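Student: These are the residues of each chain, in order.
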Amino acid sequence: MTGLMAVFRKELADNFNSMRFLILSVLGYAAAILLIIFVAGQNIRADITETTQFIFLKLFTVSGDVQFFSFQFFMAFFLPLVGILIGFDAINSERATGNLSRLSSQPIYRDSIINGKFLAGLVSIAILVFSIVFLMGGIGLRMIGVPPGPDEILRLFTFIFISIIYGGFWLALALMFSVICKRISTSAFASIAVWVFALFFIPIIASIVGNLMLNLLSPAILYSGSIQVLLIPSHPLIFELSKAYLGLEPNPLSIGQSLLIAWPQIISLIALTALCFAGSYIKFMREEIRAT
Amino acid sequence: MKDKVVIETKDLVKNYGKCIAVDKLNLCVNEGEVFGFLGPNGAGKTTTLLMLLGLTEPTSGTATICGYNSTRESVEVKRLAGYLPEKVGFYDDLTAIENLDYTAALNGLPRETALKRIKELLDMVGLSEVSEQKVGTYSHGMKQRLGIADVMIKAPRVAFFDEPTAGIDPAGIEQVLGLIANMARQKVTIMLSSHQLHQVQKICTRVGILSKGHLVAEGSVDELGREKIAGGKVRIEVQLAEPSSRLVKLLEKVKGVTGVERTGDLLLISCNKDLRRQIAKVAADCDSLIIQMRMEEYGLDEIYMKYFSERQI
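The listed protein sequences correspond, in order, to chains A and B. Numbered per the numbering used here, the first sequence spans residues 1 to 292. Numbered per the numbering used here, the second sequence spans residues 293 to 605.
Just so you know, these hints were derived from the structure itself, not from any lab. Just so you know, these numbers come straight off a predicted model, no measurement behind them. Certain hints may be false.
Partner residues aside, some chain A positions facing chain B, computed with beta carbon under 8 Å [said to hold, decoys possible]:
#, residue
1, Thr2
2, Gly3
3, Ala6
4, Thr97
5, Arg102
6, Ser104
7, Pro107
8, Tyr109
Think about it this way: if two alpha-carbon atoms lie no more than 35 Å apart in a straight line, the pair counts; the simulated DSBU-like pairs of lysine-lysine are [as the list claims (entries may be wrong)]:
#, chain 1, residue 1, chain 2, residue 2
9, A, Lys182, B, Lys426
10, B, Lys504, B, Lys426
11, B, Lys379, A, Lys283
12, A, Lys182, B, Lys316
13, B, Lys411, B, Lys426
14, B, Lys310, A, Lys182
15, A, Lys283, B, Lys565
Cβ atoms here follow ideal geometry from the backbone N, Cα and C, with glycine treated the same way.
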């Protein structure tokens, strides 16, 4: 435990002192402010009628005329970047600088190093996601003056939770490449290649092949699918689906029902993350640590 | 009192695919020794050190430190043993103090104790003036000295140094070796690997020579020199003013002398023990003036060259 906590504290401090995390935060906050003021602020009125429920959640889902520029789309692109940038050189930079030999000759279990790094990355992602959502919520609240209901707050927290898992997947993936690849540029490139493949190629291939199940291999689609269910409780398409497959009638869905529908995607995301982490764990634990 | 075994390997083997890096190595280092682990590049020195520290798994055989199995009880081993790798690295954007503080935290030292010890150690290795500077600005020799402080943080009972003198200037080498010798005086058992023999010769109480994964020789530097090279013989070189052939004949008759070679005014006398007194007497009897006389000593370089030239044949 001593070792894990020491590594965790050091890595967390490193993350927050690093230039890349600063740039990522600035990018995230800037996008959040732009989205809330110019996209949600301009378009939310057109979306609301007298019977509209979940007005506060609309702040995070309204996209206006530009289909791709909504908060959920932004997060689906942005979180992989955060995870990859935190993780891609986690282990191989320690090796390249000659720190890994020194580190692993201290009286700690070897997995403390990789666990501490993963946890610190996950906490960094969590802090970033929390602050972005709170920033948007705060500005949005001032703009529309409609406070969120308890159900909406719960949904937002679930959204934050799923976002952290999604960022965690990319962190675990990048961490795995940093264990496998000896060179930092190789691991960066491999992580980005998977990112591009998952975000662009899988949907294209799936639509060519005509098998939409293929989409479930893409963490990005798993993510946007599950948050759509959560953040848009009265989505017509999801309502149709839930009626057809689960026999659910009410519109909008309750949070329990939304979770029920999103559950397979959430579990798949967790499983993919666990798979990547287990890969790096096994490789790292068996490896010879030589100063090269 | 029986010497306490601190470092021990039993039939230690490490294969990389078909390549055998370490082959049935049996090694034993007692408490308080400074053991020099010598051999050319690729002899398996680093691999052996890594196995002793549990940083890589042996193919077969066991390595133990103070009775703890290096593979299975590696955390206990690493609590007792410090290791300075060949290309030691620090976090370049942290200061010396911050770097050592991290090591202390990994060792679970309370912060107060840690900061006090860090200050003492940086004083000891002569880095206290630059302790607030980022390690990125340090020279190689300074980093090596910081590495020694880093090893000392955990107050180890055993310390492993892999090529501690590689790539630093002569003054730096003196400092590093001085610090290691100082550790030895504080009852730390030391094992250091090197291929720069004359440098480590001074501080090692015992050396082992490794070649292609085998330990080909082991013992103190003097022992190795006399027994292994000259076949237990002592060679005495005498320079005389006017060596006569009568003197050579008389010398050959001295008990214990096995051969006398003459080149100019130099006589090279092989004998099975130190016979300088008898030789001087014979020379005096013959009225020959001894200009100088010395017993040949074997340095590690000669021992080493001898081993590796023999092996190549």
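Student: Are the hints correct? Go through all of them and say.
Tutor: How the hints compare with the structure:
1. Thr2: Hint on Thr2 of chain A: holds, closest Cβ of chain B at ~4 Å, below 8 Å.
2. Gly3: Since the shortest Cβ distance to chain B is 6 Å, the answer is holds.
3. Ala6: Interface hint status for Ala6 of chain A: holds (4 Å vs cutoff 8 Å).
4. Thr97: Because about 4 Å separates Thr97 of chain A from the closest Cβ in chain B, which is inside the 8 Å limit, the hint holds.
5. Arg102: Status holds, d = 6 Å.
6. Ser104: Because about 6 Å separates Ser104 of chain A from the closest Cβ in chain B, which is inside the 8 Å limit, the hint holds.
7. Pro107: holds (4 Å)
8. Tyr109: holds (6 Å)
9. A:Lys182 - B:Lys426: Holds, at roughly 26 Å.
10. B:Lys504 - B:Lys426: violated (40 Å)
11. B:Lys379 - A:Lys283: holds (23 Å)
12. A:Lys182 - B:Lys316: Answer holds: Lys182 of chain A to Lys316 of chain B is near 30 Å, not above 35 Å.
13. B:Lys411 - B:Lys426: Between Lys411 of chain B and Lys426 of chain B the Cα gap is close to 16 Å, so the pair holds against 35 Å.
14. B:Lys310 - A:Lys182: With a Cα-Cα distance of about 23 Å, the restraint between Lys310 of chain B and Lys182 of chain A holds, given a limit of 35 Å.
15. A:Lys283 - B:Lys565: violated (59 Å)
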